[in-house]
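Chemist: In case you want the letters, here they are:
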Amino acid sequence: MKAFFTLVFILLSNSSLAAEQAEQLFNQLKPSLYQIKLIDKASGEKSSIGSGFQISKNGIIATNYHVISSYALHPKKYRIEYLDGDGNIGLLALQSVDVINDLALVKRKVDSLNNDERNFFKLSSAVPHKGEKLFSLGNPHDLGMIVVPGTYNGLKKESFNERIHFTGSINSGMSGGPVVNKQAEVVGINVATSGNSIGFLVPHDKLETLYQDFLQAPPESIEHQMAEQLTANQNKLMTEILNSPWQEKPLGKHGVIPIIDVPFIRCWGDSNADKTDALILTAVANCSLDENTYLSSQFFTGSMEIEFRYMQAKDIGANKFYHLYQQQIARAGSGNRAGKGNVTQYQCHHDLVMPDNQTINNKSILCTRAYKKFPDLFDVLYLSASIDKHKQALVSHFTIAGVNQKNALAFTRKFMEAVSWN
Amino acid sequence: MELIIEEITRNNKLLHRHKLDKPSIHIGRDYHNDIILTDPHICPSHISINYINEQWQVTDNQTVNGTFIESSKEKKQKANQHIVRDGDVITLGNSQLRLLFTDHAVDPTIAFSPFESFINLMRHPIALFISITFFTLIAASIIYFNKPIEVNFTQLLVPAIGMTLGFSLWPAGVALVSHLTKNDARLITQLAVSFTLFNLMWFSDILKNIVTFNSASNNILPIFVTFTSVILAFSLFWLNSYIGFHMSAKRRMVVSASLTVLLFGGSYLVQYSKKPEFDPRPHYNASIMMPSFLLTTSSSVDEFIEDSSKLFEQTNKEALKK
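Here the protein sequences line up with chains A and B, keeping their order.
First residue of the first sequence? That's 1 in this note's numbering, and the numbers climb one at a time after it.
First residue of the second sequence? That's 1001 in this note's numbering, and the numbers climb one at a time after it.
Among these hints, one or two may not hold up.
[To be verified] Below, in silico cross-link-like pairs of lysine-lysine (DSS-like), each with a Cα-Cα straight-line distance of 27 Å or less:
| id | chain 1 | residue 1 | chain 2 | residue 2 |
| --- | --- | --- | --- | --- |
| 1 | B | 1147 | A | 391 |
| 2 | A | 30 | A | 107 |
| 3 | A | 340 | B | 1310 |
| 4 | A | 76 | B | 1274 |
| 5 | B | 1275 | A | 373 |
| 6 | A | 372 | B | 1321 |
| 7 | B | 1317 | A | 373 |
| 8 | A | 122 | A | 133 |
| 9 | A | 76 | A | 406 |
| 10 | A | 57 | A | 107 |
| 11 | B | 1310 | A | 373 |
| 12 | B | 1250 | B | 1321 |
| 13 | B | 1208 | A | 389 |
| 14 | A | 372 | B | 1274 |
| 15 | A | 236 | B | 1310 |
| 16 | B | 1013 | B | 1075 |
| 17 | A | 406 | A | 372 |
| 18 | B | 1147 | B | 1075 |
| 19 | A | 389 | B | 1321 |
| 20 | A | 236 | A | 206 |
| 21 | A | 314 | B | 1147 |
| 22 | A | 57 | A | 122 |
Treat the hints as calculated values from the structure; they're not laboratory data.
Fair warning: this is a prediction, and the values are worked out from it, not measured in the lab.
One chain only, chain B, in its complex shape (with noise of 0.2 Å):
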């Protein structure tokens, strides 16, 4: 008959596991025990666990700190003369012990995620170089097309390339968390999953201002585009933690969703209080965009007018409010 004996930390992670096939075995701190442990408070022999009627009993050998059935419903009990059941949790000292059966039932195979090849393909070496190039030549031009005055290569590339450096962070100290928390560092998926949907932002951007260029101030539309980033947001926050992480795919949404609102609630509240009580200058939206991206047709001063008549209705409403 054989025990799985696992060794596990207080919040059941696992730390070693044993296999055993032998009707009597012994645990303890002193060096002829099938298994040793290290911790201090527990005994040379504490206890040895037996096979006897078909059934494993566990047996405590007078032990100082003695030896407990962990239960989640009931008090502590003592372990001394206690049948085994499948998954009981014994502690002995500062230690906890978990006891199996070969015939334990395990969680069902969780299939690859179709998220898999994706990122399979993102971290291939070329895709990995694709992005992050790409990353830096769109930061590039940005820096380029706001310069009013003129820019050599040197001048362009080297902000481009610490701007590159500068987003290359956040992959970088989520594999360093994940590599702290005992879980694979994935260094190069992080890098490649983060560049490639920090481009993806940038076409939501380009996105979201030929929208805004093509409607009027009434229109809902740009609203609207302002969600693809925060849907960016989620997807590149969920995909850390897939790639990081082992944890539950519920936990997985709610730590998305969470980082999600903070960044944006966060973003808005900074904004927010910075806003004066009072402030005298209009603010409107100008982006203007080449010919080409000009995509509507033009209303007619009539209608112009007529949308603007009603400001006045609004602003005329606010003044009689004291």
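Here chain A stands alone, though its shape is the one from the complex (with noise of 0.2 Å):
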């Protein structure tokens, strides 16, 4: 009977220590942090709200690229507003982005005679532990800064670039927000959530990298630091697919198809073979990169889909498997959403091809539209469909977004040669 109120007595502490650290480090935090809105110049009103905090004795504040990012595209239609914890309202300047792993500083006028110089946070120097209780900050759908306590769950594996698995509630509007430890060190900055007390956070060291760049040479211009990002991102990510193993693996009878080993790249697949009026048998595998870059809310890039798709004839002759064969692949569209300020049409190439392996017969088609803010990337789409093999077909596809020539076609040439049949 001690024991048990031992036990509940401890709980008890611990729990009211918990909210009582909470409050504290909220109080402590509070002067540093800031909603960050976007103002629309013509209008006056805000067109998107977002958290920050500010992390330089001089007045520099880290938020989300996301944020900021109709400001970084059109910086004459907007301009960047901070409201404080006091109600003070200022204009901010973008200084530094990166795209790749949504983040941007921006800066407030501080002015030193007048006593300005507030707190700032500190990055932390460690990562945490995994079960590491954290804290997130922020301002929720414009309803006043809030802290959300939460669990550290390490790194998500399945993404290209590195993101922390945080269990505790982010909400929109408090993307920019940081998390941190009890010691109040910035672990991680609020990014993403999927629902259910999923949140997604980056991690701190892309902004200490990010920052000690930017005191070193501050960039010239926002969009040439954007393409330099976006380059350099994709050159990494297409070297690794191209330098892992790719495994061949069967699909329906005969078709052999490359699945790219490596975590980010995740696979699923489906069939209709419980479909059995279905006049063609159809088995379908798709892999996708778990990876989207926010640019603008027009304009997402650095996805790839790959998607194979077997075929076989149940009852029907050789003419009409070939006709809705044909309207199987006859609309295949981009992966990533793009406006007309952002990239240029397709244009498309198709022909009959055969790769070095003589086991299948193509006809092939590659489109790719070019960026027009950011040289030599590009989306590219390929789509191929076999048609020598009479009654059965094998459909490749892959849509990349975001990526150079070279290294477009060097996926392109070795996808060719993967797909073959036996």
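With the hints as a guide, bring the two chains together.
Modeler: Next up, the structure:
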């Protein structure tokens, strides 16, 4: 009985301690937290909101790139404003961005004579341990600054660019807010949520790198900086994909397809084997890169999708099979969202192609569109349909967003040679 | 001495032709005349044409509205005491008469066009039956090939017959127009010729599919094949007007060419107006056919990559254009 009381007492004191900690932390950090608003100059109203936190004495504030993306792409249309805990409003200037990790640095004008210097957040020097209690700060849905406790659950495995898996509810508007440990050191930045208390954070070391690079050499132009980051990231990604093992895997009775063996590309499968009235038996395998670089609400890049489709005619003639088969491949679309201001229209080339393995003869189509603001970056779509297998067929298809010509063609070549028939 | 008098419309269309062999010809509204005209603006005894001194002379009987000689060059002249020349056109009231002598030169005989035997062959009942059946069968098979679900015979036959009826509206319409314009309707011939050409158009479509299937995007052969459908459409319009209407060869060419331009230019304009300013979807040619239609050898991956690399240069240029 005594033991039970002790246990309850410990639990109680622990939980009250946690609440106290959160409150204490919040009060201590509140002055260095900001709500960040993008104001449309013409209408004078806010067009997007997020959170930010000061990380230096001279007023550098960290936030998410996606909070200020409209300004980065159309600086003449918007201005960036902050609102601090005391209700002060002021202008912010964009200093540097990291589009790949969705980070941005903005600067508040600090009046040192007027005693305007505030506390600022310190970045942690260590990585948290699994299960460690963390506190996410931010301003969800414009409701006011709040603190959300949660736990660190390591890095997200399937992600090419590192993200922390945080168990705790992050909501929109909290984007750009800091996540701190008990010592009030920043270990991550709120970036995304997939609902049900699953949140994702950008690790603090990405911010550290961005800040140090900024101190050494501030970027000359944000657009140029973005182009460099996109080019470097696709180079890193494509080099890793091209140098990873591509495993041969059977699809259907005779198809042989490549599966790229990297953790950040995940595959799913489906078939219509249960539908007895279907005229064509279809088995589909699709793999995709779980990555989507946000450039603006109308423009995403960095994604990759691969799809294979094995088809076999049941009770129909070859002529009908090929008619239906053509309908299946007639309307492939791009894998990423992009608008008129961002990309050109697609241009396509098609031909009959037999790879060196001589096992399959394909009608192959390659389409590409160029990015208007970022030189030598393209969206690529490839579609190939076998035309020599009588009443069976294998379709291989991929889309890659934001690659340069060299990587796109190297990938296409490797992909074309990897699809075969036995 | 004989005189030929033709009643004509103001557009020179022949209404009646009279050949009279008497020295004095009376024309007017009452019943003792040689030529009785019903035009209310004509007097009961309007004119008489008399053979005097081996010449025909017009005499106007002091009529209310007068009688005039039509002339393209000069102004209207009063016809009273006029000496008739071959081919003269005189106006009385609202009517026109053309006066011709027996030695008036006629146009040379037009030989049957080589199409005549083709048309005669096609409009034979058996040939007509075959071409309409053929059309219906092709329509049914196209519906069958493109249905992703199983279909029975009636489900195919009903839309196929509907399509055949829909297509027969064209020759029927042409026949109706030629009937209304006082030409021979010749419905069967129009049907026969139209369906023969519709069938040829199916074939040119299949040919086009085979060519596009077998050629790469930088090949110009498919464009040439597209011309066959233009030529077929022109032939259809030419034959329609040859069967249905009497007109000069030049005029027939112009009419058929205009209809062809209207058809292809119109459908191009419709497509063009529907085209969005920016299309995020790629447009490519995905035509594939059975392996038995595969006629060419395939390119290698190297060739494909090299051709594709040009796309990157093109789109890059496009991106630089602001």
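Chemist: With reference to the structure, classify each hint as holding or not holding.
Modeler: Structure-based check of all given hints:
1. B/1147 - A/391: holds, 17 Å
2. A/30 - A/107: Answer holds: residue 30 of chain A to residue 107 of chain A is near 18 Å, not above 27 Å.
3. A/340 - B/1310: This hinted pair holds, its Cα atoms lying about 22 Å apart.
4. A/76 - B/1274: violated, 34 Å
5. B/1275 - A/373: Satisfied, since the Cα-Cα distance of roughly 25 Å is no more than 27 Å.
6. A/372 - B/1321: Since the Cα atoms of residue 372 of chain A and residue 1321 of chain B sit roughly 9 Å apart, the hinted pair holds (cutoff 27 Å).
7. B/1317 - A/373: holds, 13 Å
8. A/122 - A/133: Holds, because 18 Å separates the two Cα atoms, which is no more than 27 Å.
9. A/76 - A/406: Between residue 76 of chain A and residue 406 of chain A the Cα gap is close to 35 Å, so the pair fails against 27 Å, i.e. violated.
10. A/57 - A/107: Roughly 11 Å separates the two Cα atoms, so the pair holds.
11. B/1310 - A/373: Holds, because 20 Å separates the two Cα atoms, which is no more than 27 Å.
12. B/1250 - B/1321: Violated, at roughly 47 Å.
13. B/1208 - A/389: holds, 23 Å
14. A/372 - B/1274: Measuring from Cα to Cα gives roughly 25 Å; hence the hint holds.
15. A/236 - B/1310: holds, 25 Å
16. B/1013 - B/1075: holds, 22 Å
17. A/406 - A/372: holds, 18 Å
18. B/1147 - B/1075: violated, 71 Å
19. A/389 - B/1321: Violated, at roughly 44 Å.
20. A/236 - A/206: Since the Cα atoms of residue 236 of chain A and residue 206 of chain A sit roughly 16 Å apart, the hinted pair holds (cutoff 27 Å).
21. A/314 - B/1147: holds, 15 Å
22. A/57 - A/122: Holds: residue 57 of chain A and residue 122 of chain A sit about 11 Å apart, inside 27 Å.
Consistency with the previously given hints fails for numbers 4, 9, 12, 18, 19, ordered from lowest to highest.
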